[in-house]
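Following the hints, complete the assembly by docking chain B onto the known chain A.
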Amino acid sequence: AQKVTQAQTEISVVEKEDVTLDCVYETRDTTYYLFWYKQPPSGELVFLIRRNSFDEQNEISGRYSWNFQKSTSSFNFTITASQVVDSAVYFCALNTGGFKTIFGAGTRLFVKA
Amino acid sequence: NAGVTQTPKFRVLKTGQSMTLLCAQDMNHEYMYWYRQDPGMGLRLIHYSVGEGTTAKGEVPDGYNVSRLKKQNFLLGLESAAPSQTSVYFCASSYTGTGNNQPQHFGDGTRLSIL
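Note that the protein sequences, when read in sequence, are chains A and B. Number 110 in my numbering belongs to position 110 of the first sequence; there are no gaps in the numbering. Number 87 in my numbering belongs to position 87 of the second sequence; there are no gaps in the numbering.
Just chain A, same shape as in the assembly (with noise of 0.2 Å):
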């Protein structure tokens, strides 16, 4: 079975502070694909990353990092230095080569200035 875990429903932080978005995901498959999707307050979903089940290379763009880690099947985002405009839903997803993508429920984060 495929699943994708984001235990933290709600995260509140005060700006400048670092936090980090757990992800966990289950599949038995060799190759697959994992995708950060951010949800503002506006609406629309926006792409962040992806990254593929043969790279493990963690990736940094800006104050966005990425750590994946195939041996606790996990792709944690941490956003350094929060900002108000942070704030939003966001979505892990993991894509296995069919035509179904399986969202993780969303952990919704709050900056307060």
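To be clear, the hints were calculated from the coordinates, so they are not data collected in a lab. Treat the hints loosely; a few may be bogus.
[To be verified] Simulated crosslink set (EDC-like; lysine to aspartate or glutamate; CA at most 16 Å straight-line):
{"#": "1", "chain 1": "B", "residue 1": "Lys9", "chain 2": "A", "residue 2": "Glu44"}
{"#": "2", "chain 1": "A", "residue 1": "Lys38", "chain 2": "B", "residue 2": "Asp108"}
{"#": "3", "chain 1": "A", "residue 1": "Lys3", "chain 2": "B", "residue 2": "Glu59"}
[Unchecked claim] Simulated coverage check for chain B against chain A, where a stretch passes if three residues somewhere in it have a Cβ under 8 Å from a Cβ of chain A:
{"#": "4", "segment": "36-49"}
{"#": "5", "segment": "55-69"}
[As the list claims (entries may be wrong)] Short, incomplete list of chain A residues facing chain B, as computed with Cβ under 7 Å:
{"#": "6", "residue": "Phe47"}
{"#": "7", "residue": "Asn95"}
{"#": "8", "residue": "Phe103"}
{"#": "9", "residue": "Ala105"}
Ideal Cβ placement from N, Cα and C applies to all residues, glycine included.
Leaving out everything else, chain B in the frame of chain A:
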């Protein structure tokens, strides 16, 4: 620079009424999808299409029909709306790739309430 456009943005229906949600994309994407988003459940795939004239069932297809008569448009129909179909509906599109590993581009969503 429209991307994926969904109409309408909001709609209230009475049980038993029918309606069609329209999705249009201007990125020449082959693949298009309809999802529903419910609290605490993430997004669930209703139907998808891999090209003009083709459609396929996703995870939760019951009560919905779709059509892809033109490459740029993907229509989602509710023939007889039920309160359980109250949700936020998202359309998405993506390039072709190996399987479906390309990132999806989403519309702004349609908030649908069935009374």
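(message) A closest beta-carbon separation below 7 Å is what the hint needs, so does Phe47 (chain A) meet it against chain B?
(response) Where the cut-off is 7 Å and the nearest Cβ of chain B is about 4 Å from Phe47 (chain A), the hint holds.
(request) Answer holds if the nearest beta-carbon of chain B is closer than 7 Å to that of Phe103 (chain A); otherwise answer violated. (result) 4 Å, holds
(message) Given the hinted pair Lys9 (chain B) and Glu44 (chain A), is their Cα-Cα distance within 16 Å?
(response) The given pair, whose Cα atoms are some 11 Å apart, holds under the 16 Å limit.
(message) Does Asn95 (chain A) hold up as a contact with chain B if the rule is Cβ-Cβ below 7 Å?
(response) 5 Å, holds
(message) Is the interface hint satisfied for Ala105 (chain A)? The criterion is a beta-carbon contact with chain B at less than 7 Å.
(response) Interface hint status for Ala105 (chain A): holds (5 Å vs cutoff 7 Å).
(message) Taking beta carbons only, do three or more residues of the segment 55-69 of chain B come closer than 8 Å to chain A?
(response) It holds, with 3 qualifying residues against the three required.
(request) Would you check the hint for Lys3 (chain A) and Glu59 (chain B), treating anything up to 16 Å between C-alpha atoms as holding? (result) Between Lys3 (chain A) and Glu59 (chain B) the Cα gap is close to 13 Å, so the pair holds against 16 Å.
(message) Using C-beta distances, would you say chain A covers the segment 36-49 of chain B, given that this needs three or more residues below 8 Å?
(response) holds (count 7)
(message) Does Asp108 (chain B) sit within 16 Å of Lys38 (chain A), going by the straight-line distance between their CA atoms?
(response) The hint holds at about 12 Å.
When the structure is compared with the earlier hints, no violation turns up for any of them.
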